[in-house]
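Protein sequences, first through last, are from chains X and E. Residue numbering for the first sequence follows numbering that gives the first Met the number 0, beginning at 0 and increasing consecutively. Residue numbering for the second sequence follows numbering that gives the first Met the number 0, beginning at 0 and increasing consecutively.
No lab work stands behind these hints: they were computed from the structure. All figures in this text were calculated on a predicted structure; none of them were measured in a lab. Everything hinted at is true.
All copies of an identical chain are treated as equivalent in the list; a pair is satisfied when it fits inside any one copy or across any two copies.
Cut-off 25 Å, straight-line C-alpha distance, at most; resulting in silico cross-link-like pairs (BS3-like, lysine-lysine):
#1 Lys82 with Lys412
#2 Lys53 with Lys82
#3 Lys53 with Lys412
Protein chains: 2
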Amino acid sequence: MTHLPTTRKACAALDLVDPLASFRPRFTLPPGVIYLDGNSLGVLPALTPERLAKVIADEWGQGLIRSWNTAGWVDLPQRLGDKLAPLIGAAAGTTRVCDSTSVNLFKLLAAALALRPGRTVIVSEADNFPTDLYIAEGLAALLGQQHELRLVAADEIEAALDDRVAVLMLSHVNYRTGRLHDMAALTAAAHARGVLTLWDLAHSAGALPMDLSAAQADFAVGCGYKYLNGGPGAPAFLYVAPAHQSRLAAPLSGWFGHARPFAFESHYAPAPGVDRLLVGTPSVLSMAALEVGIDLMAEADLGQVREKSLRMSALFAARVEHELGDVGLVRISPLDDALRGSQVCFTHTQAWPVMQALIARGVIGDVRAPDILRFGFTPLYLSYVQVWDAVTHLAEVLRTREWDAPQFHHRQKVT
Amino acid sequence: MTHLPTTRKACAALDLVDPLASFRPRFTLPPGVIYLDGNSLGVLPALTPERLAKVIADEWGQGLIRSWNTAGWVDLPQRLGDKLAPLIGAAAGTTRVCDSTSVNLFKLLAAALALRPGRTVIVSEADNFPTDLYIAEGLAALLGQQHELRLVAADEIEAALDDRVAVLMLSHVNYRTGRLHDMAALTAAAHARGVLTLWDLAHSAGALPMDLSAAQADFAVGCGYKYLNGGPGAPAFLYVAPAHQSRLAAPLSGWFGHARPFAFESHYAPAPGVDRLLVGTPSVLSMAALEVGIDLMAEADLGQVREKSLRMSALFAARVEHELGDVGLVRISPLDDALRGSQVCFTHTQAWPVMQALIARGVIGDVRAPDILRFGFTPLYLSYVQVWDAVTHLAEVLRTREWDAPQFHHRQKVT
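Using the sequences and the hints given, assemble the complete structure.
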């Protein structure tokens, strides 16, 4: 990334010509906050309160049960899925919004294993997001410990793929280091060995352009509450490549995945295609909030989002290096644009109190155990000046040892 | 049930002395509507819009990621579960709010089967709610078809329990007939044969008093959007008897069910007790709406709710019988109070157009395929006069064949 600004004034100049600047007033941000945690919980779109008020008062309050038809509630998983699909390079009819990321991962991992009978290994990254690993462990236990979860380092993935491997299950962007995998190359390597791929897009959907179709990815899941700004605990999504859809067994075979849910038949018959992966009644209020987030993200040019994101994260990393020198921060995110998602992370022995001191100054990032300071960059509502100022705050916190005050050492339940 | 009113005036007199009358203004109902479908989607509590507006604007919009700690989001499954527990006769620490009813049923059925190795049969009712049967079918398929789903009629349940049966999985109240099972008696019969019980409380939680502890029920699931008024697609709940909690294997082993979710460990370790059955990040907006519904229901005396419900449903059934005679309605709900939930159902060859004609008059019930007219009674916001008037409308629709108009024959996706 060339042309990184080297002064605060240059940052302000960049902000003035930012092609994404018009998105900023379409979000509601607390005054005085520099929010570098949109990779954990996205911010509130300005339209969400009004939309939810309408869903609650009109669709639920007045329409009541009729709104399943008249307000289109029954089609929310399909409608939101088809709106989201272009953001991940997926075709209509491949993507559905439902359940949580963990539950969706369970469905797709179980379905994928069933497509590779005789193969007994699931390969993943040793520091993949824990819930992905836990779900795989739980599924293996449920299936009688016939499968092995083989955890390897990021650079050992290709070498770990052999003809015993059923599924390669990876996060597209690592939640701790921010390292971005090459989805097309790894999928090709997997396919060359008969291995199916299952991608977790939690830290990439809405953060950077991707093309699941072109990469020939088999399966994917992702999160609605990070870069898609769907609200805390927003429903998640799942993707199934067209080739697999008709032969997929849904392990969680609930009525919303039935071919004829309102015929109330006694026996299960899968809905055509990806719809068979729906399970229970969709959570309408949460879905409605997520729809606002998806609609807003769909208006943005993801190429511009990616360009600004890389410039912001490069600026942050460069300035930390330039300003901070030897204050105990060790960068663990790649500087190479091709390998970096939308976050920059550092280890520090005092990560927790350092972050609390930053938060007290209004600079909100988060900590990932045991010692990672994580800073996420969300181009739709962040400015270059804010990125510049965030490093200034970080430098002051570290230089003055502001983090050493007792109030910053109190641990909280959620980090 | 004695003392059924025999005139509209007598209904009005009953309404005047209704001990639950003060609850009615605490719900928002559309003008001109008699809502007999609270067993499918409960109505909007008056406090919900304000509460959700605050969660969205303040907790999400201003608090952002900090609200996981400061607004107690992280404890929502526990807080709501412990508030709900008294409504089902459960102790604190046994009940959690999470996921959908279907997903929760999958978890508990899988966990229950694992507690009965060697036993291969799941017994259920042939006309249990379909998603329960579908989930059991899907789980059996996932586990390699080692289990058989044995479906029997309501009167044959006890006889179907033998030493091959692992789990008796029943809905407490049948969604079509409204027939109520004797939870304590069936659980005792099951236990006498070494069988575990899994109850679906979708049509009973919040509708009638029950005592899961005294009945020694092993497992239960239930729905947040019917009698608990949690909103469309509200999160569901699950219950695990204390004796089973520590030896339960969670088949959907997500990070919210981990002993230390924010330690981000690579390997799964179950949380103590029922918390291990949590999976993904809780859906905060939907949870917040459900909390209002639970809080409101928790203020009501369920004994009074039950008494009024039985009187309303008996009044409805008696008046249909008295007023309507031979117009093709066949009652399929029991008249015996001990056997009736909170609904009255009839078959009619023209069930669909009859219901559409009723809805056009503002009397909202629903249809269950192929030919059931279903009317639910929710004592917190219905009056006896409304029940009386509903039958008047039904009589007019049937006597004048109003339902025969073409516009009432158009089928909709959701019934």
